[in-house]
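Fit chains B and C to the supplied structure of chain A, relying on the hints for placement.
Residue numbers (our numbering), protein chains in the order written: chain A, 1 to 174; chain B, 1001 to 1228; chain C, 2001 to 2797.
Hints may be right or wrong, so weigh each one.
[As the list claims (entries may be wrong)] With a straight-line cut-off of 30 Å between C-alpha atoms, the simulated DSSO-like cross-links for lysine-lysine are:
#1 C:Lys2703 / B:Lys1163
#2 A:Lys49 / A:Lys88
#3 B:Lys1139 / C:Lys2703
#4 C:Lys2094 / B:Lys1139
#5 A:Lys49 / A:Lys67
#6 C:Lys2094 / C:Lys2583
Source of the hints: derived by calculation from the structure; they are not laboratory data. In this text the structure is predicted, and so the values were computed from the model without any measurement.
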Amino acid sequence: MSIGHTLLGLLESGPRHGYDLKRTFDEKFGQDRPLHYGQVYSTMSRLLKNGLVEVDGVESEGGPERKRYAITDAGITDVSQWLAQPEKPEPYLQSTLYTKVVLALLTDRSAADLLDTQRSAHLRMMRILTDRKRQGDLADQLICDHALFHLEADLRWLELTAARLDQLAKVVAP
Amino acid sequence: MIPEGSLLAAHDLRKTYGSTPALDGASFSVHPGEVVAVMGPSGSGKSTLLHCLAGIITPDSGTITYAGRELSAMSDAERSALRRSEFGFVFQFGQLVPELTCVENVALPLRLNGVRRRAAERTALEWMERLEVDDLGSKRPGEVSGGQGQRVAVARALAGSPKVIFADEPTGALDSLNGERVMELLTEAARSANVAVVLVTHEARVAAYSDRDVTVRDGRARDLEHSA
Amino acid sequence: MTLLDSPTVLPAAPKSPKPPSRAAAILRDLGLGVRFAAAGGREGWIRTLLTAVGVGLGVTLLLLASSVPHLLDERNAREQARSEVKVSAKASAKTDASVLRLDTSTEYRDRTVVGRLLRADGSAPVRPPGVARFPGPDEMVVSPALKELLEAPGSELLRERLAYDIVGTIGDAGLRSPNELFYYAGSDTLTPAAGAGRISGYGADRPADPLPPLLVVLTVMVCVVLLVPVAIFIATAVRFGGDRRDRRLAALRLVGADIRTTRRVAAGEALFGAVLGLLIGLVFFLVGREFVGSVEIWDVSAFPADVVPDPLLALLITVTVPLTAVLVTLVAMRSVAIEPLGVVRRGKNRGRRLWWRLLVPVAGLAVLGLTGRVDEYAYEPVKPFPIAGGAVLVLVGLALLLPWLVEACVKRLRGGPVPWQLAVRRLQLSSEAASRAVSGVTVAVAGAIALQMLFAAMNADFNRATGQDPARAQFAAYSEDVTGEAATSAIEKFRATKGVEMVIGSVQAYASKPGVYTDDDIPPTTSMTVGTCDTLRELARITSCEDGDTFVVHPPGDQDMSAWVDRTARKGKVVEIGTGEGKPLRWTLPAGSPTVQGRKDPMGDTHYGIMATTGAVDASALPGAQITAQIRVDRSVPDVAEYVRNTAARIDPGMRFITLDSVERDRQYDSIQTGLKVGASVVLLLIAASMLVSQVEQLRERKRLLSVLVAFGTRRTTMGWSVLWQTAVPVFLGLVVAVAGGLGLGAVLAWMIAKSVSDWWLFLPLTGVGAGLILLVTAASMPSLWRLMRPDGLRTE
Chain A
1 MSIGHTLLGL
11 LESGPRHGYD
21 LKRTFDEKFG
31 QDRPLHYGQV
41 YSTMSRLLKN
51 GLVEVDGVES
61 EGGPERKRYA
71 ITDAGITDVS
81 QWLAQPEKPE
91 PYLQSTLYTK
101 VVLALLTDRS
111 AADLLDTQRS
121 AHLRMMRILT
131 DRKRQGDLAD
141 QLICDHALFH
151 LEADLRWLEL
161 TAARLDQLAK
171 VVAP
Chain B
1001 MIPEGSLLAA
1011 HDLRKTYGST
1021 PALDGASFSV
1031 HPGEVVAVMG
1041 PSGSGKSTLL
1051 HCLAGIITPD
1061 SGTITYAGRE
1071 LSAMSDAERS
1081 ALRRSEFGFV
1091 FQFGQLVPEL
1101 TCVENVALPL
1111 RLNGVRRRAA
1121 ERTALEWMER
1131 LEVDDLGSKR
1141 PGEVSGGQGQ
1151 RVAVARALAG
1161 SPKVIFADEP
1171 TGALDSLNGE
1181 RVMELLTEAA
1191 RSANVAVVLV
1201 THEARVAAYS
1211 DRDVTVRDGR
1221 ARDLEHSA
Chain C
2001 MTLLDSPTVL
2011 PAAPKSPKPP
2021 SRAAAILRDL
2031 GLGVRFAAAG
2041 GREGWIRTLL
2051 TAVGVGLGVT
2061 LLLLASSVPH
2071 LLDERNAREQ
2081 ARSEVKVSAK
2091 ASAKTDASVL
2101 RLDTSTEYRD
2111 RTVVGRLLRA
2121 DGSAPVRPPG
2131 VARFPGPDEM
2141 VVSPALKELL
2151 EAPGSELLRE
2161 RLAYDIVGTI
2171 GDAGLRSPNE
2181 LFYYAGSDTL
2191 TPAAGAGRIS
2201 GYGADRPADP
2211 LPPLLVVLTV
2221 MVCVVLLVPV
2231 AIFIATAVRF
2241 GGDRRDRRLA
2251 ALRLVGADIR
2261 TTRRVAAGEA
2271 LFGAVLGLLI
2281 GLVFFLVGRE
2291 FVGSVEIWDV
2301 SAFPADVVPD
2311 PLLALLITVT
2321 VPLTAVLVTL
2331 VAMRSVAIEP
2341 LGVVRRGKNR
2351 GRRLWWRLLV
2361 PVAGLAVLGL
2371 TGRVDEYAYE
2381 PVKPFPIAGG
2391 AVLVLVGLAL
2401 LLPWLVEACV
2411 KRLRGGPVPW
2421 QLAVRRLQLS
2431 SEAASRAVSG
2441 VTVAVAGAIA
2451 LQMLFAAMNA
2461 DFNRATGQDP
2471 ARAQFAAYSE
2481 DVTGEAATSA
2491 IEKFRATKGV
2501 EMVIGSVQAY
2511 ASKPGVYTDD
2521 DIPPTTSMTV
2531 GTCDTLRELA
2541 RITSCEDGDT
2551 FVVHPPGDQD
2561 MSAWVDRTAR
2571 KGKVVEIGTG
2581 EGKPLRWTLP
2591 AGSPTVQGRK
2601 DPMGDTHYGI
2611 MATTGAVDAS
2621 ALPGAQITAQ
2631 IRVDRSVPDV
2641 AEYVRNTAAR
2651 IDPGMRFITL
2661 DSVERDRQYD
2671 SIQTGLKVGA
2681 SVVLLLIAAS
2691 MLVSQVEQLR
2701 ERKRLLSVLV
2711 AFGTRRTTMG
2721 WSVLWQTAVP
2731 VFLGLVVAVA
2741 GGLGLGAVLA
2751 WMIAKSVSDW
2761 WLFLPLTGVG
2771 AGLILLVTAA
2781 SMPSLWRLMR
2791 PDGLRTE
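This is chain A alone, in the form it adopts within the complex (with noise of 0.2 Å):
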């Protein structure tokens, strides 16, 4: 999963401290592996370096200098084409999926289109297992098995949760 482009999308609602993203990152998408600070400057600082972010302000009320960050232009098109882009089928995939879904609620983008897009990726890839496993042999195909039915999993799960975007919608952005 990826904490740069996470943090990205959060930043499109609106400019904020690199504690407030952390805080927000955590409360989100981060229950049971919160993220440290290095974690986050370092990441902030690369995405200045390319130009994705830029410094909105400097705070140093009462405490250390506290920068804040706004995304910039390039930065929202790159979460676009992040989001846009499905992830490579394979297992375990549904915590990256989980973040891109939310971020797409946060940030106004079509969910459903995404998951549709997700969908396909994971259907073609079903398609070149099923295609293997009719030329293979007996071991191909229970190798090929193997992968399509976790594959079938995560598609399930893209199934109940595009049944259920309204909801999450609901909970994500109240």
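For chains B and C alone, coordinates are given in the frame of chain A:
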């Protein structure tokens, strides 16, 4: 509006049952010999799309073109004739005539088309052989297993040498092993005979046997590969 | 919303303290069945109602049939009450109560009007039953039906004939049936010489005549032929909607009912339908009874009060019908196993055995054969039960034979076009339902064929015997004991009647050879016929005739009788004319009288003896003569028969008047034939209704399959034809069995009454009705087929 080289294409179909819309601007196309999966949650209008495409029901508006002919301009009799000669059908269950033997069931589309009994049953047996159910010829549908019955149904859909086969949840009542076997035989036979297949399913593993998939959601069909 | 706020507590299932007793369980299950039948929604009600109406129609017929004995008893009793006690016509038998009476019955437009002319001998004449006042001269009391007829417009001719004043009506006690046309008229001129007899009272104590043997056979057959299909129909009606019920019971099994419980529930359902049917039947019967007076079969109708079911038979019906319903249901359920997950038909592979099915009709024929011939003129009463039993066995046997035949025939059928294949395969898979419905058709048609053959045999026999020739004359009138003068004027009166073309009117008397004879000798006697040349030409082959000629007439081809004629009619010798009390007239037969051959008159009688023209013998001088007038009319004149009858009544109310028109008898025969056809058609229609119900039920069960077939592009006509064949094949086989069985039964019955079968082709119209039945059922099931052959069935519910 009609994709280049397509055999069967629908544009902007709308169909309402009572006050609930089943299709709301759906478009679709399939090329000769292509296997297209139509997916979507239940109640999304998949089956209605299939019934419209096959000319079983007429949409309230929109166009359906088969091999250059407009379906909605045809009479009921003409559409029936089209279904007899150009289309084949596989359904989820309850499609074999219980009192006819399996070979008679397979021969039925041919006979409806006016082929003589002996010739029809000979062709039927060849198809049953392809689908590995030729030993069931004289059995009645009530005496064969679900998987065998579906294969007989597939043989029947293929027997009339159709250009398009419409399959509505053909594996819906089967376990995964039987279902996959049926799909394997169906797609293989269809590809080798250059028959297009419109496959309605909600199962990804079944849809994976297709060349392309279309998702129907809220009465609209999304053809991601073509629109993307 | 306190209910929602309260903590969730799952309702505890009530503990059953102990299992209910067996009787309680039976009652509970039966009650459950009744509830299913009564509260099964619209669908359930329709099914129950169909069964009930079907059973009700059957029960109505059964109740009517069970009323026949009482009806006949009452009729007999009333007839007995008005039968006359005859005494001598001689003056010595006169009492204060005795009455002279003459039968003046007549016919009016094909209906018999029974009439009696009465003349009281004293001051306190006996009155017939139902008559309050003895009719005085030129008065009459009439039956209500006759009164209505007389008062109806267009009855002028009848009013002219019965020109008496109506002074009262005859009460029900004096009538056989409400439609009887009957009158008693008074006279003050009636004498024994005019043919009147003397009676001393009514209610002659004579044993009731047993029904004529042939009528017994006929009646028994009519009952059997009507009631056996009704019984089969009831059995079919009870099974309406059986498949649906089985599925419902399967659902009951799923929640834990055992097989015995499902049987009892089904029995309860059947019981409810049957009891409801019984009530409906009772209502139909009570309503229908009021109209029974207006129904007339063969001049017979009945008073509503006569139509009372025999209590024992009524009880039998009340018990048997529900019991049959339950039994039929239970037997039907034996062939299916109702499992929790659905209904499984079983016993499919067990082929039907032929031998015991064949045994039943053969046994029936044997019973009839052993009963032996019924002598038309025998005095011993006919035993109705063996005949009924034999006929029932034959008909029921045919119904049993049918399922075997259908199965055996259908098994061999294969190939053919798609609709045919679909129908045949369907029948191969399950032919019981089809056979069951068709067995009613078979029995009804077979019975009707046998009955028609019986009628035809009786009728043909009658026609062969008469030999009348209605082309030459349509009426014949006789009057005895008249003077020659009256006779000649009577003939003139007939000639002058409107519409009469020709009257073969002759005056006849006996001529014998004079001499003295001992008691043992028979004086040579022959008949003496006097008439005009035209008349004589109709009676003998006379080439030339002038007024004044006389002839000796020989019967053609009868040497002995010709010789006997010649012994009396000696040319140039004297004969004595007239017999009896009066003084005979001596007359000389002219020597030059030619001998000619006699000829059949329009009545079919051959005349011979002496014939004389009116110029040779003064007919008015003949003592003790009899007139015979055979009258030819112009049939295009409306009511010509009534004009002639009026003339006859004017001449002599007691004149015997015969209609030669064989058409009339044919008409009665036709009405019987028509009645039978109508009856058979009604029964067939009933059966058609039950076939339709099961056909539609079957189609609805196949809703999904029909939709799939539509998807395939199956033409509706293809399915229509398959439905047609599916009905046509069993009905055709049923008709084959019916024709074979009916002809067999008919031939045996004809043999029993010692008649020969006159027409083997009578079954053709009935098979036509059967073919119509096929078309009707198919046509009537088309709307539901059309409705079901829509793609809606493809949508999974």
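Inset, instruction - Tell me, in ascending order, the numbers of any earlier hints that this structure violates. - result: 4
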